[in-house]
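Based on these hints, arrange chain B on the given structure of chain A.
2 protein chains.
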Amino acid sequence: MSLVIIGTIAYDAIETPFGKTDKIVGGAATFAGLAATYLYRPVKLIGVVGGDFGDENLNILKSRGIDMEGVQVKEGQKSFFWSGRYHNDMNSRDTLVTELNVLADFDPVIPATYQDCEYLLLGNLTPQVQLTTLARLQHKPKLVVLDTMNFWMDTALDDLQKVLRQVDVLAINDAEARQLAGEYTLVKAAEKILTMGPRYLIIKKGEHGALLFGDGQVFSAPALPLADVFDPTGAGDSFAGGFIGYLANVGTITFHNMKNAVIFGSALASFCVEKFGTERLQELDQTQIRQRIAQFTALSQFEIGY
Amino acid sequence: MSLVIIGTIAYDAIETPFGKTDKIVGGAATFAGLAATYLYRPVKLIGVVGGDFGDENLNILKSRGIDMEGVQVKEGQKSFFWSGRYHNDMNSRDTLVTELNVLADFDPVIPATYQDCEYLLLGNLTPQVQLTTLARLQHKPKLVVLDTMNFWMDTALDDLQKVLRQVDVLAINDAEARQLAGEYTLVKAAEKILTMGPRYLIIKKGEHGALLFGDGQVFSAPALPLADVFDPTGAGDSFAGGFIGYLANVGTITFHNMKNAVIFGSALASFCVEKFGTERLQELDQTQIRQRIAQFTALSQFEIGY
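For the record, the sequence lines run as chains A and B. In terms of full-length UniProt numbering, the first sequence opens at residue 1 and continues consecutively. In terms of full-length UniProt numbering, the second sequence opens at residue 1 and continues consecutively.
Extracted from the complex, chain A is given alone in its bound form (with noise of 0.2 Å):
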């Protein structure tokens, strides 16, 4: 049994107010994967890179426990690369360059020793891809969780239904769950978008945390209120990688843990935002993230004897 996660590895270069880096090590799948760790193991994944992503950079998952069986290198060739600048707020960015290389004929595999897979976690990528991945599994997991973004929206909405139909839980920001549904307020957008395939829909809304519709039920998630939101990149594949982490470690799909999924998802993500790249999720340890989900805890519970 094992959790497995595709997505992206890739090169980043990013600009935030508070400095610029070279090309950095980025991508779903390493954000999930590296967040996925802290709470569940053996981490599988499906991805490509070039040849020159080199193995100190690979190295970063592998030290981490992750399995790279998944992980087609090839030669000669370049690896994705995306670049982007922050604007001041930290909630909006452009992309400045998008170089698919490798991944414009992303052919993804899957090792035999993947097939115990019970736990996958579709990262953001192209949905065509996402499809051949769950053609090519031969057993259904036990639960898909999706994220994806607005671009796929635009380009490939008849695959990604297709997705949508054979996953459990969506996670996606508010606009998209907005432009997806084709309704304003988030309630009714939820309510559609959960007649569309997946059983649970996660909203983020970033500083403003998540929302978590299902089962009949509503949940809120806080973001943890930060003095400095260093580098968004990846944040949001934390919080993924975090969430299934948590829901493989505990192995039971109910509503209570999918909440508590949530709250760990978001732990991880502020964690993620700390540092530029993946570095602040390359050093984390269990007090810190015990501490966080104290601070999670202290955050939002209260008590009304009314």
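It is possible that part of the hints are untrue.
No distinction is drawn between identical chains; accordingly, a pair holds when it is met within one copy or between any pair of copies.
DSS-like, lysine-lysine: derived pairs with alpha carbons at most 25 Å apart [as the list claims (entries may be wrong)]:
| id | residue 1 | residue 2 |
| --- | --- | --- |
| 1 | 188 | 20 |
| 2 | 188 | 142 |
| 3 | 142 | 162 |
| 4 | 188 | 275 |
| 5 | 192 | 259 |
| 6 | 140 | 74 |
| 7 | 192 | 78 |
| 8 | 188 | 205 |
The hints are simulated quantities; they were obtained by calculation from the structure and are not laboratory data. None of the values given here were measured: they were computed from a predicted structure.
For chain B alone, coordinates are given in the frame of chain A:
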């Protein structure tokens, strides 16, 4: 001992995507006063209306048991009038008309029977009038809550800063907190504002809930996800009324009670927006409020054994 509320008592004309009203009863003191009555009595109002206000409108307040001795009726003059149009997102609005009328030279009179004031809400109004009110109270109240807005930061910042030095709690929205502090992140803005006078700061974030800062702690309250917001007018005032009403009810100022007060404020605000104007706040009962509090609890409470 009593809860005294000063603020506007007004005519509003409102346009929303759901419809349009003629002149209906509005004003900060109106909404806050009605909301507070569900948690504490007596509630005593200070304000001014014109002869055009009409007994049936004053009765909306009187029938909830509100003491109106401090409300001056200026015969032959017109009441404060505000008209606004909400955009489709219901989070932004255009002011169409503002006629100060009787508010232009409002000189607050504090009846002798109001000098037992223990809880004072300075509703949104000219800082100069708020200062006069504070000066005319013979005893410092146990708790002073200030609700204000960006308009006074733009036009009367010196006076507003004098008010700030005399209040215990400030309630403003996120954009106003950023403006007042000159800081973008809310954590830094809160730190700065808490050096300006108030011991506690509430940052209202509309559909994203509210943050409470003070005593070195932070609390994040959710907003109830609503399928339809019918008319947001008065939501902030209802929040302030419910907030101070709860604290007057429990009688002890602790962070624990402040947190609960934010939840009660949020609950009263969530009722307010369900109908036009004061309609919903006139017809509540304790069972509905208890159920709403239970909804807030279910919405945001979790249990992690970690």
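Results of checking the hints against the structure:
1. Taking the shortest Cα distances, residue 188 and residue 20 sit within 25 Å of each other only across copies (23 Å), while inside one copy they are farther apart (40 Å).
2. Neither within a single protomer nor between protomers do residue 188 and residue 142 lie at most 25 Å apart by alpha-carbon distance, with minima of 28 Å and 43 Å respectively.
3. In this assembly of identical chains, residue 142 and residue 162 lie within 25 Å of each other by CA distance solely inside one copy; the values are 18 Å within and 61 Å between copies.
4. In the homo-oligomer, the alpha carbons of residue 188 and residue 275 lie at most 25 Å apart only across protomers (18 Å), although the nearest pairing inside one protomer, at 36 Å, exceeds that limit.
5. Taking identical chains as interchangeable, the C-alpha atoms of residue 192 and residue 259 lie at most 25 Å apart only when both belong to the same chain, with a minimum of 21 Å there against 34 Å between chains.
6. In the homo-oligomer, the alpha carbons of residue 140 and residue 74 never lie at most 25 Å apart, since the shortest distance is 29 Å inside one protomer and 75 Å across protomers.
7. In the homo-oligomer, the alpha carbons of residue 192 and residue 78 never lie at most 25 Å apart, since the shortest distance is 40 Å inside one protomer and 48 Å across protomers.
8. In this assembly of identical chains, the alpha carbons of residue 188 and residue 205 lie at most 25 Å apart whether taken from the same copy (16 Å) or from different copies (20 Å).
Comparing the model with each earlier hint shows violations of hints 2, 6 and 7; every other hint is respected.
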